[in-house]
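In terms of the numbering used here, the sequence shown has 1334 at position 273, counting the first letter as 1, and numbering is strictly consecutive.
Just to be clear, a hint being listed does not mean it is correct.
As the list claims (entries may be wrong) - DEER-style ranges, computed between Cβ atoms:
#	residue 1	residue 2	range
1	Ser1254	Ala1149	15 to 25 Å
2	Ile1107	Ala1081	53 to 63 Å
3	Thr1120	Arg1064	12 to 22 Å
4	Asp1141	Pro1180	37 to 47 Å
5	Arg1064	Thr1150	50 to 60 Å
6	Ala1276	Val1350	37 to 47 Å
7	Asp1063	Gln1111	40 to 50 Å
8	Trp1289	Ser1189	17 to 27 Å
If you're looking for bench data, these hints aren't it; they were derived computationally from the structure.
Heads up, the beta-carbon is just placed ideally off N, CA and C, and yes, glycines get one too.
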Amino acid sequence: MDRFDTVAAFVAVAELKGFAPAARRLGLSPSSVTRLVAALEERLGIRLLQRTTRSVTLTDAGGRYLQRSRQILSDLEEADESAQAERATPTGRFVVSAPAAFGRIHVSPLMCTYLVRHPGVVGELLLSDRIVNLVEDGVDLAVRIGHLADSSLVVRRLGETRRVVVASPAYLERRGIPAAPGEVTSHDVIQFSTIGGAGDWRFVGNGRDVRVPVAPRYITNSADAAIWHAEHDGGLTMVLAYQAAESIRANRLKIVLAEFEPPPLPIQLVYPTSRLLSAKVRAFIDTAVELCDWRFSDL
1062 MDRFDTVAAF VAVAELKGFA PAARRLGLSP SSVTRLVAAL EERLGIRLLQ RTTRSVTLTD
1122 AGGRYLQRSR QILSDLEEAD ESAQAERATP TGRFVVSAPA AFGRIHVSPL MCTYLVRHPG
1182 VVGELLLSDR IVNLVEDGVD LAVRIGHLAD SSLVVRRLGE TRRVVVASPA YLERRGIPAA
1242 PGEVTSHDVI QFSTIGGAGD WRFVGNGRDV RVPVAPRYIT NSADAAIWHA EHDGGLTMVL
1302 AYQAAESIRA NRLKIVLAEF EPPPLPIQLV YPTSRLLSAK VRAFIDTAVE LCDWRFSDL
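Let the hints inform the model, and build the full structure from the sequences given.
Structure follows, in structure tokens:
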């Protein structure tokens, strides 16, 4: 028997001075209300109400218990209203996780717009290339690039990105444009170590994976550093298209070997569940769908 039900039944009987009117307030039968109050008294080991055929009055212990019970029920109602308001209006702390470079370039502006629109939210953006556990790390929503291993997460796809090989126009003019994956071995290679291993680059030819061993002249775990070196004629580098999009559009870098690229990687929002989705998560998803075009496959 629910403890709050017993307390609510006692308060209703005490305030209305009868089991029948209390039953009408609660939408129960008088016998059900009688059983709830009796269960409360038995659990406490004291009598809260004096009953006669004509009246119901509080004992001294019942009077004291009534004051505390009213406060408990009031606090519970306030908590319910607060939780329901949070579901209706975005409020409270909201934590988003995103890959470092993509988060800095694309998720940070989205987060700023979202917070302007919803002043009741306190936002936190965590930028890391580590795959976080949303539940254990207290993250409400994550931006993920690539195919997901965790099938329990809810996914909202917002775009995709390619793995591209790029180099500066001056470098390609001096060293030539590779026409097939194997020709990479004769070029200076800048290895962005987050993509693939340090030992080879992955391509696709005739529907099959093609692994080309590379001997990098420069290795870095920073896409920005790899792109900067490539812009300054340092050689070929393989990065995700969104990382080099600005340089490609400005003609500081050119894409090569496009016909040998692996399939694009999805860019998606992920969150633990769609059931009883909070207003702050729902509003962030709506804002992202409205404002974000994260398709980088047509560069």
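**Report entry** Hints the structure fails to honour
**Finding:** Of the numbered hints, 1, 2, 4, 5, 7 do not hold.
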